[in-house]
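Make a model of the complete structure from these sequences and hints.
Number of protein chains: 2
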Amino acid sequence: MIVLGVDPGSIVTGYGLVEKDGSNLTYVGGGDILLPRSWPFYLRVHGVFKSLIDIIQKYNPAEMSVEDIFFSKNVKSALKIGHARGAALVAATYCNVKVFEYSPLQIKQSVVGYGRATKEQVREMIKLILKLNDKGKLSFDTSDALAAAICHQNWLKFDNIHNR
Amino acid sequence: MIVLGVDPGSIVTGYGLVEKDGSNLTYVGGGDILLPRSWPFYLRVHGVFKSLIDIIQKYNPAEMSVEDIFFSKNVKSALKIGHARGAALVAATYCNVKVFEYSPLQIKQSVVGYGRATKEQVREMIKLILKLNDKGKLSFDTSDALAAAICHQNWLKFDNIHNR
Chain Y
6 MIVLGVDPGS IVTGYGLVEK DGSNLTYVGG GDILLPRSWP FYLRVHGVFK SLIDIIQKYN
66 PAEMSVEDIF FSKNVKSALK IGHARGAALV AATYCNVKVF EYSPLQIKQS VVGYGRATKE
126 QVREMIKLIL KLNDKGKLSF DTSDALAAAI CHQNWLKFDN IHNR
Chain P
6 MIVLGVDPGS IVTGYGLVEK DGSNLTYVGG GDILLPRSWP FYLRVHGVFK SLIDIIQKYN
66 PAEMSVEDIF FSKNVKSALK IGHARGAALV AATYCNVKVF EYSPLQIKQS VVGYGRATKE
126 QVREMIKLIL KLNDKGKLSF DTSDALAAAI CHQNWLKFDN IHNR
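Residue numbers (our numbering), protein chains in the order written: chain Y, 6 to 169; chain P, 6 to 169.
Simulated from the structure, these hints should not be mistaken for laboratory data.
Don't be surprised by glycine CBs; every beta carbon is placed ideally from N, CA and C.
Hints are not guaranteed to be accurate.
[Stated by the list, open to error] Distance condition first, Cα-Cα at most 20 Å in a straight line; then the derived SDA-like pairs of lysine to any residue:
#1 P:LYS55 with Y:VAL102
#2 P:LYS78 with Y:ASN79
#3 Y:LYS81 with P:SER82
#4 P:LYS78 with Y:ILE74
#5 P:LYS55 with Y:ASP59
#6 Y:LYS55 with P:ILE61
#7 P:LYS81 with Y:PHE76
#8 Y:LYS81 with P:SER108
#9 P:LYS78 with Y:VAL80
#10 Y:LYS55 with P:ILE58
#11 Y:LYS78 with P:ASN79
#12 Y:LYS78 with P:VAL80
#13 P:LYS55 with Y:ILE61
#14 Y:LYS55 with P:VAL102
#15 Y:LYS55 with P:LYS55
#16 P:LYS81 with Y:SER108
#17 P:LYS103 with Y:TRP44
#18 Y:LYS81 with P:ILE74
[As the list claims (entries may be wrong)] Listed below are several chain P residues computed to face chain Y (Cβ distance under 10 Å; list not exhaustive):
#19 ARG42
#20 PRO45
#21 PHE46
#22 HIS51
#23 VAL53
#24 ILE74
#25 ALA83
#26 LYS85
#27 GLY91
#28 ALA96
#29 THR98
#30 VAL104
#31 GLU106
#32 SER115
#33 TYR119
#34 ALA122
[Claimed, not checked] Anything over 10 Å on all C-beta distances counts as not near chain P; from chain Y, calculated:
#35 ILE7
#36 SER28
#37 ASN29
#38 THR31
#39 ARG42
#40 LEU48
Next comes the structure, spelled out in structure tokens:
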């Protein structure tokens with residue numbers, strides 16, 4: 006099964022697709038959706054939705070994994086991230102891709118082994134787990150998205166989360 | 006031209022449609038999109054998108070007007086309103102309905118005449134302007150949505166905003 010991980014933002018939205026076959030995790034695809042700062046905000050929000058639909062149609066993931074957000078630097082950034090994350094949730098549900106949400110702690114623990122890992126540590130582990138060392142530099146947005154996808158793949162084995 | 010006003014929220018989203026013919030403003034439709042609190046949050050966000058698409062297909066508005074948000078009680082409520090507002094912006098753009106945003110001050114000024122009006126004052130003016138006194142009680146969500154629609158209709162006469 007392919008899982009789509011998403012790290013939403015109003016300027017950059019990371020995405021990453023991870024397939025599991027037995028206990029093997031394989032990198033399927035990933036990158037950054039970059040939306041021009043010159044666009045009006047509402048068009049950038051729609052851009053997150055439209056780009057994710059294109060990605061879902063290309064890779065056909067069964068499920069989407071996204072970080073649950075409770076905190077933000079301030080109200081202004083919470084509003085912005087809320088819009089982009091809303092667009093991502095709408096895109097998945099529109100395509101009948103079920104959404105699963107994990108706390109930042111759960112995502113970091115499932116990739117690095119402890120919840121206070123830095124972005125750099127998450128990225129290094131992502132490269133090791135998915136054997137991406139020969140594929141050039143990963144952005145933090147893409148590696149955070151891949152981490153969300155791996156987190157969901159790992160939870161699937163422990164917990165019958167499809168019945169929760 | 007029919008304008009759709011929207012007041013987004015993750016539990017209740019108000020909507021209101023106002024047509025202008027010469028200097029006459031006419032009530033076309035309106036109400037509240039109510040999403041069950043029992044639904045997972047991501048399904049409620051999708052519900053805002055899906056319901057607004059149904060409303061746009063029913064009434065065929067040319068443009069959408071929505072309050073611009075810069076402030077919120079706290080980060081948690083900013084995240085929630087951000088998701089719902091993002092779903093509304095995506096729905097309009099998906100249907101080729103152009104989005105216009107106004108500050109709370111602009112909306113209140115265009116309906117009541119001054120920017121510090123209460124929700125009750127806005128509702129009473131909406132009833133007078135749209136001759137809704139015989140149509141039972143308007144919710145604040147619906148009257149705020151109708152106020153956004155009226156604000157856009159009023160700005161259209163002053164300003165060539167389609168070229169901005």
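Checklist entry - Does the claim that THR31 (chain Y) lies outside the interface with chain P hold up, using a Cβ gap greater than 10 Å? => result holds, 27 Å
Checklist entry - Are the Cα positions of LYS103 (chain P) and TRP44 (chain Y) separated by 20 Å at most? => result holds, 14 Å
Checklist entry - Hey, LYS55 (chain Y) versus ILE61 (chain P), does the alpha-carbon distance stay inside 20 Å? => result holds, 19 Å
Next on the checklist: Tell me if the straight-line CA distance from LYS55 (chain P) to ASP59 (chain Y) falls inside 20 Å.
Outcome noted: holds, 19 Å
Checklist entry - Regarding the pair LYS55 (chain Y) and LYS55 (chain P), is the alpha-carbon distance no greater than 20 Å? => result holds, 15 Å
Checklist entry - Are the Cα atoms of LYS81 (chain P) and PHE76 (chain Y) separated by 20 Å or less? => result holds, 7 Å
Next on the checklist: Against the 20 Å threshold, does the CA-CA distance of LYS81 (chain P) and SER108 (chain Y) hold or violate the hint?
Outcome noted: holds, 15 Å
Checklist entry - Does the CB of GLY91 (chain P) sit less than 10 Å away from some CB of chain Y? => result holds, 3 Å
Next on the checklist: Does VAL102 (chain P) sit within 20 Å of LYS55 (chain Y), going by the straight-line distance between their CA atoms?
Outcome noted: Satisfied, since the Cα-Cα distance of roughly 15 Å is no more than 20 Å.
Checklist entry - Under the criterion that the straight-line Cα-Cα distance not exceed 20 Å, is the pair LYS55 (chain P), VAL102 (chain Y) satisfied? => result Measuring from Cα to Cα gives roughly 15 Å; hence the hint holds.
Checklist entry - Quick one, is the HIS51 (chain P) hint okay against chain Y at 10 Å, beta carbons? => result Given a least distance of 4 Å, the restraint on HIS51 (chain P) holds.
Checklist entry - Straight-line Cα separation of LYS78 (chain P) and ASN79 (chain Y) no greater than 20 Å? => result holds, 11 Å
Checked against the numbered hints given earlier, the structure breaks hints 19, 32, 33, 34, 40 and satisfies all the rest.
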